[in-house]
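Participant: Let chain A serve as the given structure and place chain B on it in line with the hints.
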Amino acid sequence: MTVEPVDFLLDPLRSGIDRRALLELALVGVFCGALGFWVVTERLAYAAESLSHGLLPGLVIAALAGASLLLGAAGGAVVAAGLLALAARDERIGPDTGTAVAVTGLVGLGALLALEPEAPQRLDELLFGDPLGVGDGDLVAATALLVAGGAALVALHRPLCAVAFDPSGAAAAGVRPGLVRIALLALLAAAIAVAARGLGALLVLAVLVAPPVAVARHAGTPARAMLAAGAVAVLAGLVGIEVSFHAGSAAGASVALALCLAAAVGAALPHSLRRGADAGRTASPRGRGPA
Amino acid sequence: MSVGSDVAVRADGLAAGYGGEVVLREVTFTVDAGRSVCVLGPNGGGKTTLFRVLLGELRPVAGHFRVAGRPAYVAQTERTRLDFPVTALDVALMGALARGRWWLPPGRNDRAAARAALERVGLGAQAGVRFGELSGGQRQRALLARALVHDARVLLLDEPLSGVDPASAALIGGVFDELRAGGRALLVSSHDVESARGFDLVLCLHQRQVAFGPPAEVLERPTLQATYGREMIVLEDAGPARAVTVQHHDHEHDEE
Chain A
1 MTVEPVDFLL DPLRSGIDRR ALLELALVGV FCGALGFWVV TERLAYAAES LSHGLLPGLV
61 IAALAGASLL LGAAGGAVVA AGLLALAARD ERIGPDTGTA VAVTGLVGLG ALLALEPEAP
121 QRLDELLFGD PLGVGDGDLV AATALLVAGG AALVALHRPL CAVAFDPSGA AAAGVRPGLV
181 RIALLALLAA AIAVAARGLG ALLVLAVLVA PPVAVARHAG TPARAMLAAG AVAVLAGLVG
241 IEVSFHAGSA AGASVALALC LAAAVGAALP HSLRRGADAG RTASPRGRGP A
Chain B
1001 MSVGSDVAVR ADGLAAGYGG EVVLREVTFT VDAGRSVCVL GPNGGGKTTL FRVLLGELRP
1061 VAGHFRVAGR PAYVAQTERT RLDFPVTALD VALMGALARG RWWLPPGRND RAAARAALER
1121 VGLGAQAGVR FGELSGGQRQ RALLARALVH DARVLLLDEP LSGVDPASAA LIGGVFDELR
1181 AGGRALLVSS HDVESARGFD LVLCLHQRQV AFGPPAEVLE RPTLQATYGR EMIVLEDAGP
1241 ARAVTVQHHD HEHDEE
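Protein chains in written order, with this note's numbering: chain A, 1 to 291; chain B, 1001 to 1256.
Bound-form chain A, shown alone (with noise of 0.2 Å):
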C-alpha cells in the first residue's frame, strides 16, 4: 500500500471535529447496535421509530430555549412514550393507526415550532442529526449510556433470552415478561435520546435496527449477534464520517446511508456463512452478553 491511500483514510481523523464525531458514533454505535438486536427480536422497531421521531418537540423546545438538546431529546421521549402509549390504546382505530396519528402529529408540532421566525437552530440538524457538532457534554452521555447500559444488558441476558425464546416458559421459571420488556423500552428511550444528537430524530432509528439486520441471519449466538452488531455500527459509522469527509456529504445522512447500506449486504449475504463459523465452535453456550 502506498502512502496516499492510507493518508487519504487518516485525514478525518487529522482533524478534532471529525475524531469528535467518530467517538460518539463509536460510543452510540457499540450499544445501540448491542441493544438492536433486542429491538429486532422483540419486534419493537416501529415502537422504536415512532419513538424517535416522536421526540422531536422536545429537541425543538430545547433549540429554542438554549438547553441542552440531550435533556430536550430525553423530555421529549418521556412525553412521546406516554402519548404513544395512549394513542395505541385506542381499540376503535388499533395500535397502529393511533401510533401513526400521534408520531405525525408530533412531528408536525416539532416542524411548527422550529420554523418560527426567531427559531435559532436549523431543523434539518434536528431532524438529521449533526455529528459533527457533539459537545463534550455529548461524549460524556456517550460514554454513559455505554457503561450504564450496558451494564444492563449484561445482566439481563438471561432474562432477556428466555422471554424471547418462549415468554410462557420464562414465565414458568419465574422471570417476569413485562418487566423485561419495560427494562427493554427504557433501555430504547434512554439510547434513542443520547444517540438523537448525532443521527437526528428521523436518522437515529438506523443504528438502532440496521446493525441487527445486518448480522441477524450471520450470528450463532444472542451474545455474538449483539456484538457484531455493535462492530457493524462502529463501522458503518467510520465509513460514513470518511464519505461525509472527502464528499462534503451530510454527516448524519451519511452514516444513516452507511448504515443501511450494511444492512442490506448482510441481508443479502449466503446464510452458509454462518454454517461455517458455526463449525468451529463448541457445544459450550455463551450465557452472557458483551463482557
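There's no promise every hint is true.
[What the hints assert, rightly or not] Just a few of them, taken from the derived set where beta-carbon distance is under 7 Å, the chain A residues facing chain B:
#1 R122
#2 D124
#3 A155
#4 A162
#5 A164
#6 F165
#7 S168
#8 A172
#9 G174
#10 G220
#11 A247
It should be emphasised that the hints constitute simulated quantities derived from the structure, not laboratory data. Source: prediction; values computed, not measured. Ideal Cβ placement from N, Cα and C applies to all residues, glycine included.
Facilitator: Below, chain B without anything else, positioned relative to chain A:
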C-alpha cells in the same frame, strides 16, 4: 406407600375465562405427589386455560387452587421461536432461572444439571445443536430438559406427545415414569384417548369438568361422549379395552 397426603395440586370450584366470557368452570380435583394426570378434552375444551390458571398467568373468576411451588411448564413447540439462535443446552439452562439470580451467568451446578437433563431425554449428543435445527421430537425433549432443570414439584406439559416420533415418545414416557417415582406430580394435556390409559388419573374437560378419576373409571363411553361430543368415533372391535379415538379435523368451532 405412605398415607401422608402430600398434595401437589388442588383445585376447588375453579372457573376461568377471557374478557368476561367464562370458558371453563366447575373444576375440582386433587393430585398427590408422585401421580400423573392426563388432561383430556377437545380443542377449546379448556386444557390450556386450566394450565394458564395453574401457572398464575390467568386469574380465576371463581374458586381456589393451590400448587406446591412454582410449576414447570413444557409448552407446545410451536409456541417457541425457532429462529432465535439458542442451542439445546441453552434451552435446558433456561430452567435454571427458576433458582433466581437471573443477573448472574449460569453456575457450574446449573451447567451440570442442564447437561444431565439433556442426557436424560437422550439429547446429550445434540447439546450444541441449534433448537430450530432439531427435529420436532427432539425440540419437545429439549423443552422437557428445561423443565427437568427447573426441578419443580409439579410439571405442566401441553400436548407433549402430539406430532412426536415414536422413539421420542418412548423416551418422554420413560422420563415421566422417573419423575413420578421421584415424587413429582405431572399434568399432561392430550387429545389422544388411548395414551390416557397409561396415567394414574384422567381429568376430562369440556368447558367444565366432565370427569376425574382413574382411567378405568373415566375412560368409558358416556364420559368420553360428554367430553368430545360428536368428535368421537368408537372402534368396537379393536380389542378388549375398546379403543376410542377422536376426529380432530372437523371442529365446528375452536374457542382457543
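Participant: Against this structure, judge whether each hint is valid.
Facilitator: Quick rundown of the hints versus the structure:
1. R122: Because about 43 Å separates R122 (chain A) from the closest Cβ in chain B, which is outside the 7 Å limit, the hint is violated.
2. D124: violated, 38 Å
3. A155: Status holds, d = 4 Å.
4. A162: Given a least distance of 5 Å, the restraint on A162 (chain A) holds.
5. A164: The hint holds - A164 (chain A) has a Cβ within 7 Å of chain B, the shortest such distance being about 6 Å.
6. F165: holds, 5 Å
7. S168: Result: holds, 5 Å to nearest chain B Cβ.
8. A172: Holds, about 3 Å.
9. G174: Status holds, d = 5 Å.
10. G220: Holds. Min distance 6 Å.
11. A247: violated, 37 Å
Violated hints, listed in ascending order, are 1, 2 and 11; each of the other numbered hints is respected by the structure.
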